[in-house]
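Given chain A, work out where chain B should sit, using these hints.
2 protein chains.
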Amino acid sequence: MTLSETTTTQAHPALTAAADAAIAAYRNAVATYSRDQLRAIEMDGADGTPTMFVDVVVEDAIITAATAAGVNVLSEERGWIDVGSSVTLVVDPVDGSANAAAGVPLSCFSAAVVVDGEFTEALTCWLHTDQRWWASRDHSPYRTSGCRRVGDAAVSILRPHTRNWDAWERVARKATRVRILSCSTLDAAFVADGSVDAFLDAGSDTHRLMDIAAAVVQVTASGGVVLDAYGRPIEFDTDLTRRWSGIVAATPELGEELRALVTG
Amino acid sequence: MTLSETTTTQAHPALTAAADAAIAAYRNAVATYSRDQLRAIEMDGADGTPTMFVDVVVEDAIITAATAAGVNVLSEERGWIDVGSSVTLVVDPVDGSANAAAGVPLSCFSAAVVVDGEFTEALTCWLHTDQRWWASRDHSPYRTSGCRRVGDAAVSILRPHTRNWDAWERVARKATRVRILSCSTLDAAFVADGSVDAFLDAGSDTHRLMDIAAAVVQVTASGGVVLDAYGRPIEFDTDLTRRWSGIVAATPELGEELRALVTG
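Chains as they are written, first to last, in our numbering: chain A, -13 to 250; chain B, -13 to 250.
Okay, chain A solo, but in the shape it has when bound (with noise of 0.2 Å):
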């Protein structure tokens, strides 16, 4: 069975169809827009941020395919539509915004399973490419490289701010390699299949759920952690103004040494 048959086999159908809706939407989208208009600031998001008008159109596609499908879906823009089903959706639509507006195909759909408070299974979907990956809590087709030490990783990170230049600047001298991506989904995919060693929020508490949802599936089910920098648990909780600087790694050991350099 090939991995692509796995997840066609085994997906929630509604993580499945929101994938595809997501993936005609944005073509559709960017076939159709200019970049000023797909970047065009639409509304203020559910999550407190300034929604993009390609965040606004590929999300709406999501909503009326996983509401259809009968699940609830909690997603950055829109927020939490309760359909009354055991099963939501935490959706980031268009993870990776600003690539996608200027035309950096770096950008995902994204979404994890919850049922009953717990994340079961996630998917995330290259919006250029198509290509997926998908994972449960109990099965995964990836493993991370098991990577433990700094020294030698190659590590993704999210670009740096002024709150948080210092903490950036220790990950970044010690880490043997960095990559700055700009799409969390896409990076913790890496982490998950072994390509990169470990994504990281050096401390900014950028991160809302969504961004580290699906990593939580499928990086722990690869042999990775998911840590917070600060401690906090990251959890299915529908208030949309948390924040979490995640830590994506490829072995336990890996994951707290950098925390430790995060929180200096």
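It is possible that part of the hints are untrue.
If several chains are the same, the list does not tell them apart, and a pair holds so long as it fits within one copy or across any two.
Derived lysine to any residue pairs resembling SDA-like cross-links, with alpha carbons at most 20 Å apart [what the hints assert, rightly or not]:
hint, residue 1, residue 2
1, K160, H147
2, K160, I220
3, K160, Q(-4)
4, K160, A84
5, K160, N150
Everything labelled a hint here was simulated from the structure, so no lab data went into it.
Relative to chain A, chain B alone:
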């Protein structure tokens, strides 16, 4: 006429043949060998840096195709292969080797055509997707973003090193957004097509001729500039020990402001 028809009908046949050979060899290598095999150090290249196995197998395929098409090849590992033609391909077989070997799908074949010492056209091909960016000195299907100020710019940048940390930080603090994709020729293609406002080596002198030769054609013909941070001309030379700190920018003003930031 679509873009790909433009490329097919106008590009030098040796350039297209080399790209096709690179794609086939890269995909075969990724399907056949493990990550450890792909990144194993195979030899010291003609450019004085260690060469990975993945570089060697792709370069060999390119050299076979290009010399069969009757042109000389200047490439990072084997150096200068002179078949007596007035036409030379300056080739980077796998730009972003570290990405390619790790499984991060950001690496490119890139080549510029040199006739009588002048760059006349160039092709960059994203190995993961086979997307191609082609332009000649006289014709580009792309336009840069037109951005004129670092304070308004999204900038891609080579990863920082100890030797250029301060310059790196000056640029990163002033730009609105920074990315580190670790693939110079893809970064330059994004500047040409307006997805990114600038790309640079912030003074680390990492760039070899094949890392920026395609940019000279593609970005200049699209309205931008390609400079060296220290004012050295970027010109055809078979001495592969030469290095540059390339600055690839949407406009001359943006290039000059970046140069001033790098040199402090």
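Q: Could you place K160 and H147 in one of the four classes (within, between, both, neither) given a Cα distance threshold of 20 Å?
A: So K160 and H147 pass the 20 Å test inside a copy (18 Å) and across (11 Å) alike.
Q | Within, between, both or neither: K160, A84 at alpha-carbon 20 Å | A | For K160 and A84, only the inter-copy Cα distance (18 Å) is at most 20 Å; the intra-copy one is 28 Å.
Q. Between K160 and N150, at a C-alpha cutoff of 20 Å, which is it: within one copy, between copies, both, or neither?
A. Both ways: K160 and N150 sit 16 Å apart in one copy and 15 Å across, limit 20 Å.
Q: Tell me, please, which holds for K160 and Q(-4) at an alpha-carbon limit of 20 Å: within, between, both or neither?
A: Neither, since 40 Å and 47 Å both go past 20 Å.
Q: Measure nothing new, just compare the shortest in-copy and cross-copy C-alpha distances for K160 and I220 to 20 Å and report within, between, both or neither.
A: Answer is neither; intra-copy 26 Å and inter-copy 33 Å both fail.
Checked against the numbered hints listed earlier, the structure breaks hints 2, 3; every other hint is satisfied.
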